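Spelled out from the first residue to the last, the chains are:
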Amino acid sequence: MSDFRAMFVGFPDFNVSENFFPNINLQEKLNWAEEFVQNVLIPRLPEAVAAHFPVELGTVLVMFACAGIFVGVVPLLPLFLVLAERKVAARFQNRTGPMRVGPWGTLQTLADGIKLIFKEDFIPPQGDKLLFLLAPYIIFACSFAVFAAIPFGQNILVSPFNIGIFYIMAISSVIVMGVIMAGWSSNSKWSLLGSLRSAAQIVSYEIPLGLSILTVVMLVESLNMQEIVASQSNGIFSWLIFRTPFTFIAFFIFYISSIAEVNRTPFDLPEAESEIVAGFHTEYSGMRFALFFIAEYANMFAVSAIAVTLFLGGWEGALPGYDFLGGLPGFVIKTLALVFLMMWLRWTLPRLRVDQLMNLCWKYFIPIAFFNILGTGIWGLIFPEDTLVSTIISCAIIYIGLIVAYTIAGRTLAQKPEPQPS
Amino acid sequence: MEFTLKNFIFYGFALMTVASALLVVTVRNIVHAAFSLMVTLFGVAGLYVFLQADFLAATQVIVYVGGILVLILFGVMMTSGRLEMRVHIERGQLLLGGIVSLALLTLLLTVIANTPAWKNLTDDGTELAPTTERIGELILNGPFLLPFEVVSVLLLVALIGAALISRKEVRE
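Sequence lines, in order, name chains A and B. Here the first sequence is numbered in this note's numbering, starting from 1 and rising by one per residue. Here the second sequence is numbered in this note's numbering, starting from 423 and rising by one per residue.
In isolation and in its complexed conformation, chain B is listed as follows (with noise of 0.2 angstroms):
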């Protein structure tokens, strides 16, 4: 393997990623584990921008990390704001989750071995142009207009179905 820029931070980002999920599983406290995702999370936003997904990068920094993991801190510190806390996993679960992990790795080594050579994108002379523009053609004006309407929907019944259970009832 040749030392380029690229490689080095590929690398160190791969590294990054796979290293903090590592820790996501294996550390006992789960506020450790919800930060060690927040690195995970990042590091795969990074890899993102190696494959020239901009949008989808920040998009993921956004959701995941702003969003989503936010609430799993909220959750866990709302329901027990002691400084441990700590996971406990049963046999059962244990051998539950082995057999998730050996057929989703199953799965992914079969998918990495029937992908045909690995090239750059840039290799065959296609122009890489910014990619926000066409994922707005795409969904609002092309052939993904009704799933994402959809979707949308979907959301705004959560939306309200949320509201509706956590809202105080008045009784005259």
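So that you can see chain A by itself, here it is in the shape it has in the complex (with noise of 0.2 angstroms):
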């Protein structure tokens, strides 16, 4: 498996970082891309070039080629994605979807993508067209690094960062910029709108994101995505979201807040079809747009990825020493399931107003978040290690705790009227 590992070498992992691998001896100095060098591939060069082979150069070139095959794999991630939201969408409004292409229409999106690669590339001629080049990229790169810090298996990540989840952030708070500059160089009223919408949005759910992470870390006492799944190997009570009444509370606010991030309904005010056309992306067309899609599907599948990551055991199993839901498959399927309940409620639930998005975020998601923090440091106080009792009296205040909101608080909200926007 260890050779698994040395394929997935990133970028990142050059001489100087040991301190990314806090897990190993720095005495050993490991470089997966030189060591693979020394000792792979200059054994197979015929001998005179062997001798004058820089090995500098060689590990470069490996390391390009790794990150290359990250590169290339993912984005067949989207292009499963995108099928699999057309038939979600088709039969939730009872139809069957695409079915022309290939066996059910499975090769629908890849006539797709090829239509879009030879349509034309359309740069508005009184835009910015320098930065109008550039946006796409950005947004198509931050969402691609987010993946290099996430533990698909034991074995199979990128790199093991010691600060995996805040570099998570840290990138993903770098799309925002992306947005905005494709809104901007676009030079349109409905590009700006929907970048100006994009960015109030995505800076203010960051906040709830990231006070829902750190209950997370509080517990782990870690910020590295290996040991945050390490922790939660004894099986699906062991899991963060089941760990403390707290943490189940802090799943959901990270998991709507995520939907909220990538901009998808019942969040979608960026890109409401109905008020600005197409949102910042209005002005794109061809390849440019569909970085612009596959971004978005990527992003869909690393938020839900990330919230398996935290809160539903990673690629640990759901039976402690079963390989049940554990592992790459297991890693997966769960992930899946979190794609396709948003996509559920992208083809349920109606759009938020604006005010009602900020009121959400602003007036319920921020100060719930903080009393879960407040509310896992008295728990880490009370139960400083994980033991069955607390186990079950976590998981019995969770269980009193959704019966009570079913039936009390449920009724009573729905009665409630609606404010009206000021």
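Quick caveat, the hints were computed from the structure, so don't treat them as lab data. In this text the structure is predicted, and so the values were computed from the model without any measurement. Keep in mind that a hint or two might mislead.
To give a feel for the contact side, a few chain B residues facing chain A, derived at Cβ under 10 angstroms [claimed, not checked]:
no.: 1; residue: 454
no.: 2; residue: 467
no.: 3; residue: 476
no.: 4; residue: 487
no.: 5; residue: 488
no.: 6; residue: 489
no.: 7; residue: 491
no.: 8; residue: 496
no.: 9; residue: 500
Sample of chain A residues lacking proximity to chain B, with all beta carbon distances greater than 12 angstroms (derived) [stated by the list, open to error]:
no.: 10; residue: 76
no.: 11; residue: 95
no.: 12; residue: 105
no.: 13; residue: 113
no.: 14; residue: 114
no.: 15; residue: 230
no.: 16; residue: 348
no.: 17; residue: 405
no.: 18; residue: 413
Here a beta-carbon is modelled for each residue, glycine too, at the ideal position from N, C-alpha and C.
Join the two chains, each given in its own frame, into one complex according to the hints.
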């Protein structure tokens, strides 16, 4: 398996950052790419070439090749997810969805992709050409850089960053720069409105998102994604979502805020087609539009994968000692279940108004998230170790809380009149 | 200078930082300046990684790129949403800026000249540990607890002040 890990060496793993490998003996100075060049590549070259082979250059090339494998494989995911979305939408509307291209329309996305490549790449003549060309790349690069820290399995990850989840938050906060860049450089009112809406939304929802991540970090006492997964290794009740009642709430805040972060219905105001055409990517066409599209679906998968890693056990299974819902297949199944939930919500719920959107974030999520942090701190004082007793108490509170929420709170909220926009 | 991967990437980041910082002050379009500032801040984050300050690097990106820069752009776009946003520089500003940068340059050169021989942090055998834990210990359980709390109160005051200024007066 460790050879498999070597395959996925990412760009940041150069010599200098040994501190990104906290579990590896620092004396060994392990560098996967360099080792690969020394032990695998050079012995296979003809002797005359091997004598003069520049190891440093080879290392760089191997790193780029590995990053290339990764960047080449991950876009296949959106290819599948776009089809899934259309099929799910069709089912919700009692249709069959795309059926013509390939068996049951399975090759439809491929056909669409080819169509997009051959379409005219239109650049608005009144816009800012340089920034217009640059913006899709920023969004695309940031969406894919997030994957570098997501552990898909015990040995399948690009880089075991010591600051994993913090790195993910940092990189995904850059996406909003790309959105603003796209909206502004298009020189169109729809684009500008969409990008400003998007920026306001993403910056706002980053706060409850970060605060719910903090509850997890408080319990695990690490930012490392692998350590977060490792702390959930004792079956379904050791998953962080069931560990305390507060992380249970935090999971839902995290998930809903994630939907807002990736601009999906019911939070799709930045690209509300009935109001502002397509929002920040109105003026884009052809392959540049496809980049936004791929990035959107990659983001969906990424935030679901992060939710699974933080709250639903990551690649650890649901039963201790068994591989049920564990490993790479289990991880993908859990992630796709959350992705499906996103699609389900998209085709079920209407879009929120701007004031409702901001109310939800600032008046409900952020106070609840702060309450969660306080609660998690107190829980950590009462139960310093995760024991059977603490698990039973936690699950009981969650169970009672759900019943109370369903019977009492749900009915009172349903009778409350909807506040009017000011 | 020997060519190593480390040097190559370091000079790449340094070039990126310096070149984009030059663009920030020379470009006339204020939005272009803001976007080149993004590259500068990224370059600085890269340099932090080279100084083994991984936590600081991520904080740099999250605070400056994801927060402050977005605010700057927001301000610019809310006030004048057009493509032609030129910066006008007057002669007095040029003189003042020149004086400040000269003073800063002198200061930095003095610091560089007085620094004892450059050395690699790992050379004397100290083991490099991840910084996150040490930062947490120092701030929440160590000598920097009081300053940290004072700063947080300051931020709270700023938050309340902003809410007070922007709220709508409801008159009965």
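Results for each hint:
1. Interface hint at residue 454/B: satisfied, since its Cβ lies 8 angstroms from the closest Cβ of chain A, which is below the 10 angstroms cut-off.
2. Because the closest C-beta pair between residue 467/B and chain A is about 8 angstroms apart, less than 10 angstroms, the hint holds.
3. A least Cβ separation of about 5 angstroms between residue 476/B and chain A falls short of the 10 angstroms threshold, and the interface hint therefore holds.
4. Hint status for residue 487/B: holds, given a least beta-carbon distance of 5 angstroms to chain A, under 10 angstroms.
5. Interface hint status for residue 488/B: upheld, as the beta-carbon distance to the closest one in chain A is roughly 3 angstroms, under 10 angstroms.
6. Given the 10 angstroms rule on beta carbons, the hint for residue 489/B holds: about 7 angstroms separates it from the nearest Cβ of chain A.
7. This hint holds: residue 491/B has a C-beta 7 angstroms from the nearest C-beta of chain A, less than the 10 angstroms allowed.
8. Hint status for residue 496/B relative to chain A: holds, with the closest Cβ pair at about 6 angstroms, below 10 angstroms.
9. A cut of 10 angstroms between beta carbons decides the hint on residue 500/B: the least distance to chain A is about 8 angstroms, and the hint holds.
10. Residue placement check: residue 76/A keeps its beta carbon more than 12 angstroms from all beta carbons of chain B (closest about 28 angstroms).
11. Every C-beta of chain B lies more than 12 angstroms from that of residue 95/A, the closest at about 40 angstroms, which supports listing it as non-interface.
12. The claim that residue 105/A is not at the interface with chain B holds, since no C-beta of that chain comes within 12 angstroms of its own (minimum 39 angstroms).
13. Residue 113/A, annotated as away from the interface, keeps every beta carbon of chain B farther than 12 angstroms; the closest lies near 29 angstroms.
14. With a minimum CB-CB distance of about 33 angstroms to chain B, residue 114/A clears the 12 angstroms threshold, and the non-interface call stands.
15. At roughly 16 angstroms from the closest C-beta of chain B, the C-beta of residue 230/A stays outside 12 angstroms, upholding its exclusion from the interface.
16. Even its closest Cβ contact with chain B, about 31 angstroms, leaves residue 348/A beyond 12 angstroms, as expected for a residue assigned away from the interface.
17. The claim that residue 405/A is not at the interface with chain B holds, since no C-beta of that chain comes within 12 angstroms of its own (minimum 30 angstroms).
18. Residue-level check passed: residue 413/A sits 25 angstroms from the nearest beta carbon of chain B, beyond 12 angstroms.
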